[in-house]
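Chemist: Each residue of the sequence shown is one higher than the one before, starting from 1 at the first, in the UniProt record's numbering.
To be clear, the hints were calculated from the coordinates, so they are not data collected in a lab.
The model shown is predicted, which means the values in this text are computed figures rather than measured ones.
Note that CB positions come from ideal geometry on N, CA and C, so glycine has one too.
None of the hints are false.
Pairs of lysine-lysine residues, derived as DSS-like cross-links and limited to a Cα-Cα distance of at most 25 Å, are as follows: (1) Lys440 / Lys345; (2) Lys120 / Lys131; (3) Lys280 / Lys418; (4) Lys364 / Lys440; (5) Lys280 / Lys421.
Pair ranges (Cβ atoms, derived): (6) Arg437 / Lys230: 51 to 57 Å; (7) Val148 / Pro234: 41 to 47 Å; (8) Ala255 / Glu312: 31 to 37 Å; (9) Cys178 / Met86: 55 to 61 Å; (10) Glu434 / Gln98: 56 to 62 Å; (11) Lys425 / Ser229: 39 to 45 Å; (12) Gln84 / Lys349: 57 to 63 Å; (13) Lys425 / Pro234: 36 to 42 Å.
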Amino acid sequence: MGDAEPSEVLEGFICPICKADFGNPRTLLSHFQEEHSDEQDLIKTLRDIFDKAKKKILKHEVTTEFTSPRSTSTNSFVYIQESQQMGLTRCHKEYFMQIREERQQRIAVPTNQIIIRLEKLLDKMPTDPSKRKQHEKDVVPWINGNDVKRCPNCADLFHVARRQHHCRTCGSVMCSDCSRFISVLTAIKLLEKTLPDAPLESNGGEHSHIRLCVHCLNLLDIREERKTSKNVNPIISQFYKRLSEYKIEADNFMADYRKMCASLNLGESTFSLEAAQELKFSLLKLAENIEALSSKIAILGKDAEHPPQGLELRLQTMIRDATTMYLRNHLLNLPELPTEDEFQKIQEKRRQEITAKIQEEKTKQQIRTPVNHSTKYNGPSPQKALSKGQGWVPETKKRNESDDPLIEQMNIIRSYIKEAKLAHKNDEVASLEENLRELKKEYLKKQQQDEFNSSVDSCDTTSETSTEEGVK
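Produce the complete structure using the sequences and hints provided.
Modeler: Here's what the structure looks like:
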């Protein structure tokens, strides 16, 4: 292998079959087509090579049939992204709750155990130091000090100068430097109950305190912090709660205002213009309160020594932005109320339209029911046979409006509307007004029918009189 000569490297526009150099690509291509026309695949490959070389020289991107816009590889595949459906999902809540329960139990169980032991220690605790020590040993068994040579917390050896001490709630061994104390009154407050036999701190000194280890004291501190956090309401939470109340009140007012505005612009008498103006003033006042409160939330704590940062600052900014958008979309583009003159013009126009509609309905009713006089000439009606001269007949008089059940029902509904307006029950007012309008329509139809019947009767009477005169 060492004596073999290295293969010669050929450069230029060389034919891959006959190894001849033709100097330029055009001559090489014509030679290949004439001399080696059978090798069509090689021709295609050679053309591709020439095209790529030409494009590289001209600094064009090399693109082929399967090339994506971001790739220059001839074998790359164009991936067309399709709309994907929701695939397999898994809920991790059960696993999370399991881990959370384990963490909570890891803290809750020893904490509850400490609280129970504190209650037993304080219940009927002797004032004599020797008796008190025996009482503490009876409640919580102590670990044998001979088995512990070093302090578990600081790892220092116990000797004459460094004595062993025991935690009163777990019985573990510790040195004096690692001991912690809580007063008897503090322990009573932790229990949240009154112990009549618990000792007071009148004597002072070490015997007025309870010795604890660092671990037990940390558990008690965590318990107190959680209790405090439940009762403490941050100022931003108070502001946001009030802001939410303002928004709910504004939403209720806006719904009533839009109903009143639409009714007044139609010329209806369901609502008064003064009440709508007062409601609009209340809405604008609410908008001012919402704006001021959101501004306070946005700058809350920025003047303090430690201004809000991170998520807290982002929360304040998002509350401010959301409130600004709420004001812009709801309270700052309220529909306009008509003025007093405009409202009177709208009402007058509405009355004219109603009158014209009633007249049109009356005309249509008369056209639909023509008077047939021929049926009246056969003979007098039995009801018209009697006259005043033939006997006593009660005088026909117009029925009192109060006797009409429709009038009576309309009056009752009007009284209900007044009571609902005084109670500011706008929904009930709207429904009662709708009922009143329907009753008015029914009453107008009845009046038109009565007028039409009376006109027909008068025509019949006239025709009968003329017939009698002709007979005579």
